[in-house]
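Q: Protein chains in written order, with my numbering: chain A, -4 to 252; chain B, -4 to 252; chain C, -4 to 252; chain D, -4 to 252.
Calculated from the structure, these hints are not laboratory results. Any given hint might turn out to be false.
The list treats identical chains as interchangeable, and a pair is accepted whether it falls inside one copy or across any two copies.
Computed list of lysine to aspartate or glutamate pairs in EDC-like fashion (alpha-carbon distance at most 20 Å, straight line) [what the hints assert, rightly or not]: (1) K26 - E107; (2) K27 - E133; (3) K2 - E133; (4) K251 - E138; (5) K2 - D216; (6) K2 - E108; (7) K184 - D103; (8) K38 - E210; (9) K38 - E133; (10) K2 - E210; (11) K49 - D222; (12) K49 - E250; (13) K184 - E133; (14) K184 - D216; (15) K184 - E212; (16) K184 - E46; (17) K251 - E61; (18) K2 - D222; (19) K184 - D235; (20) K132 - E108; (21) K132 - D42; (22) K43 - D103; (23) K43 - D201; (24) K207 - E250; (25) K2 - E138; (26) K26 - D103.
4 protein chains.
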Amino acid sequence: MATQAAKRVLVVAGLGNGSGTGAATARLFAKKGFNVALIARGKDIVDKLSEEIKSSGGQAAPFAVESYSAQHIASAWGAIRNHYPSPEYNIRAAVFNAGYGVWKPFLDITPEEVQTSLQTNIASAFAFSREAILSFKENDIEEANGKRGILIFTGATASLRGNVVTSAFAAGKHGLRALSQSLAKEFGKQNIHVAHSIIDGGILVDRSRAQKGPEWEANEDVRLSPDSIANSYWYLTSQDRSAWTWELDLRPAHEKW
Amino acid sequence: MATQAAKRVLVVAGLGNGSGTGAATARLFAKKGFNVALIARGKDIVDKLSEEIKSSGGQAAPFAVESYSAQHIASAWGAIRNHYPSPEYNIRAAVFNAGYGVWKPFLDITPEEVQTSLQTNIASAFAFSREAILSFKENDIEEANGKRGILIFTGATASLRGNVVTSAFAAGKHGLRALSQSLAKEFGKQNIHVAHSIIDGGILVDRSRAQKGPEWEANEDVRLSPDSIANSYWYLTSQDRSAWTWELDLRPAHEKW
Amino acid sequence: MATQAAKRVLVVAGLGNGSGTGAATARLFAKKGFNVALIARGKDIVDKLSEEIKSSGGQAAPFAVESYSAQHIASAWGAIRNHYPSPEYNIRAAVFNAGYGVWKPFLDITPEEVQTSLQTNIASAFAFSREAILSFKENDIEEANGKRGILIFTGATASLRGNVVTSAFAAGKHGLRALSQSLAKEFGKQNIHVAHSIIDGGILVDRSRAQKGPEWEANEDVRLSPDSIANSYWYLTSQDRSAWTWELDLRPAHEKW
Amino acid sequence: MATQAAKRVLVVAGLGNGSGTGAATARLFAKKGFNVALIARGKDIVDKLSEEIKSSGGQAAPFAVESYSAQHIASAWGAIRNHYPSPEYNIRAAVFNAGYGVWKPFLDITPEEVQTSLQTNIASAFAFSREAILSFKENDIEEANGKRGILIFTGATASLRGNVVTSAFAAGKHGLRALSQSLAKEFGKQNIHVAHSIIDGGILVDRSRAQKGPEWEANEDVRLSPDSIANSYWYLTSQDRSAWTWELDLRPAHEKW
């Protein structure tokens, strides 16, 4: 059983190009003293972000995966456990931020896109959750927050509503939300905190910055800052056992909804 | 473009052993004058039900599928269109009643069960919906109900809530519900009606009859009759274009919820 | 205890000017053989609709109320019970269709408008429900549908969402929906069916007809027909005890939602 | 227009006996440097809590109201604005924590209890919100969080579900939730943040402590600490404009839901 003195580890999956929610969460938790294990498809991004965090005085390590298959995710977690062995380290937080979006009229969506949505948004989340919970169950309960660990999922508007061009994306995000609720109910009793965010608006990442231009970027009222989402994940992590949040929504002040 | 005089066809997928919702829907629509195309895994059940309907004076034909893969579903629909060619026949209703349930603590659920849930509950519904909508788009609008066609999905309690032992099932059913909502929004404008039922209770089928015994079977207040669910599908089919229902819940009078 | 041979009575409250949901429900149930007790503010409308139904061969009686206060509603029900005495008559259905809408920016809404919304949309529904349930509890269970009685509430988009100009209306309609759910759960066990409709679109009534013009009126795809809503209430009334619906939504085929 | 240098004021309404959410919020915001205006029925509690906060080095002032009528609430806010005049002070946060609960079978609930629920849970919230928003509109936007002000409502399980004995309470809490959503949508665009918490479990207050005993009190996994709820309100207050939460749920780690 791990001790309170162990170094805390965050595992985060889904990093895009390093400008979004996953990377911001990694940076913030690193600043707060966590060792950060970075999972993403693509060696470049995990290496780059890992180096960036370390050069800022934090601790991080890269764990690229070939795909988000159950097998590859399990392998990555195996490598993480080797890299951050108990009892010196405790995996205390896990953020599943991987996702796959497709916005198309229904008849234009291919069976392959449906498969990718279900695989990336749901099946890989099952695999990631399994590893996170197996790790958390080995931990003792932290005094400060009453948790063995916290598992956070990044949701979207499509987690709550199917819209005209979101059939495949919404199916994936609805499924992920269901998983998160089942886990929250099953593992809360074991002091494992499971939370789900509804990101209801555009996030400021490199891609949206390029598409929408400097005026949009400059207007904090109309787009989500990845750092602000990361702050909410940190708040969730700090919630003590008497008052845990399963779900919160996050949107810019001026968002129409 | 099909004419009003064409014979109406229902395609129903998911028949269990012939004692549940899919079969009851097939029987009811056959009584109402529909030709019924039966899709299920297993030649036995589609043949048996087809014969039963025909011996009761109805019209039906069997279309067994090896699996609910996109490819097998598309092939079955191809065979159905050949069997019921336009303009003599119009495919006017499609009921997706296939499903896969697994009730287990999260850590006991295998990656294969997750895959089967996503494939059967969601991916196959995408494939089925695609074929239904492509067929409906060929139809004119029926005067009586203002529809080119109606596509109905069978949901469950798990469509709305993830519970302790339902993570994989709820992920599938949530995804299906999202699909149905996207389709309702996209294709309502084309006079294609998409509906989703929430079956919130135990259905009286051979398996539950065997498990729960004659007292439960005899008590109509505590279990859903497949015929009553079929009645609701018939009501949805008859709704005129001014007032369509996307979603309704169905539960026994004495159900605790 | 009332007998199966008793004449069935519908009590409906909220008739507008006789061109909407309440009046269409009264006409339909009268055609189906119900005696219809009409509650509304304003003697003119209840008298006029009562005469109209009788001249069409139906049975109806007017019960004007001064207001929808608990006291006036109880008095009206007292008069109805006298007019349709047991065991000759059974009050078997009750539809609460009264409502008060106000669409204004929040700061323009007066405390009086808030009060009227809460009184008409919620408090009067409590009073109406109390009388309906007390009457239903005196009934035996009808064989055909397994009910002692059915109580139906008319909801709206604002039952599910608060929007920019709907604060007072949505507060009222959310409250009504909560009441209907509590009642459905408490009294289902006593074979009293409670249902709630979500009317998600514009209804074709005299006022909207005047506002939106003949093109809108002629286009069945864009507005709800009161008769179609009434059909859904009749369907709910006919549902047998094994499969009752608490909530269904109704919207025109082309509605954006 | 108020300046950034102004002293920040929190107005909180609904203090129970000073052992619950309202009082904990007052204490926490006082520690964070807010001047706290205390509204409650009963001079004793506002005086006592005001003294307590001042004796701990904070700033507070009592504003007892005779009732939560629109008129009394407006008067209290008038007195608060006089006590904390602009531009020296800015009312920056308002927490509506007043509520009225009644848990009874439907037929045991009196019209007076319905009225009290609607008045306290909804109508008074309209009056309180009006005053808060009128005050916030006078403020400039704070740099740190992008807000003119934040208005927080305390909700409950009954905000989302009507249950067997909660008809009157749920009607009130559903209505409050609708109000909060309408306000969030209307005033977000003016940089006024409106949030709603779902308290889904028992809160540790003097009354529940007395009822449930020392074992329950000692077990942080099974009851909500008012301080933890207050922490969530502080977190909401600190959220920057790019990522505001309208709604979050809060429940103890071991809560069954």
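Q: Could you run down the list of hints and mark each one as holding or not?
A: Now the hints, each set against the structure:
1. K26 - E107: neither (39 Å within a copy, 39 Å between copies)
2. K27 - E133: Neither, since 22 Å and 37 Å both go past 20 Å.
3. K2 - E133: within (14 Å within a copy, 48 Å between copies)
4. K251 - E138: neither (40 Å within a copy, 22 Å between copies)
5. K2 - D216: Neither way: K2 and D216 sit 37 Å apart in one copy and 24 Å across, limit 20 Å.
6. K2 - E108: neither (40 Å within a copy, 35 Å between copies)
7. K184 - D103: The answer is between: 17 Å across copies meets 20 Å, while 44 Å in one copy does not.
8. K38 - E210: neither (33 Å within a copy, 52 Å between copies)
9. K38 - E133: neither (29 Å within a copy, 49 Å between copies)
10. K2 - E210: neither (42 Å within a copy, 33 Å between copies)
11. K49 - D222: within (18 Å within a copy, 36 Å between copies)
12. K49 - E250: neither (36 Å within a copy, 40 Å between copies)
13. K184 - E133: Within one copy, since 15 Å is at most 20 Å while 45 Å is not.
14. K184 - D216: between (38 Å within a copy, 8 Å between copies)
15. K184 - E212: between (42 Å within a copy, 17 Å between copies)
16. K184 - E46: neither (38 Å within a copy, 40 Å between copies)
17. K251 - E61: Cα proximity of K251 and E61: none, with 38 Å in one copy and 39 Å across.
18. K2 - D222: neither (23 Å within a copy, 28 Å between copies)
19. K184 - D235: within (14 Å within a copy, 33 Å between copies)
20. K132 - E108: The answer is neither: 35 Å in one copy and 23 Å across copies each exceed 20 Å.
21. K132 - D42: neither (29 Å within a copy, 48 Å between copies)
22. K43 - D103: Classified as neither: same-chain Cα gap 36 Å, cross-chain 37 Å, threshold 20 Å.
23. K43 - D201: Classified as within; 16 Å inside a copy, 54 Å across copies.
24. K207 - E250: Within one copy only: 15 Å inside, 30 Å across.
25. K2 - E138: within (15 Å within a copy, 35 Å between copies)
26. K26 - D103: Classified as neither: same-chain Cα gap 44 Å, cross-chain 36 Å, threshold 20 Å.
Hints 1, 2, 4, 5, 6, 8, 9, 10, 12, 16, 17, 18, 20, 21, 22 and 26 from the list above are not met by this structure, while the remaining hints are.
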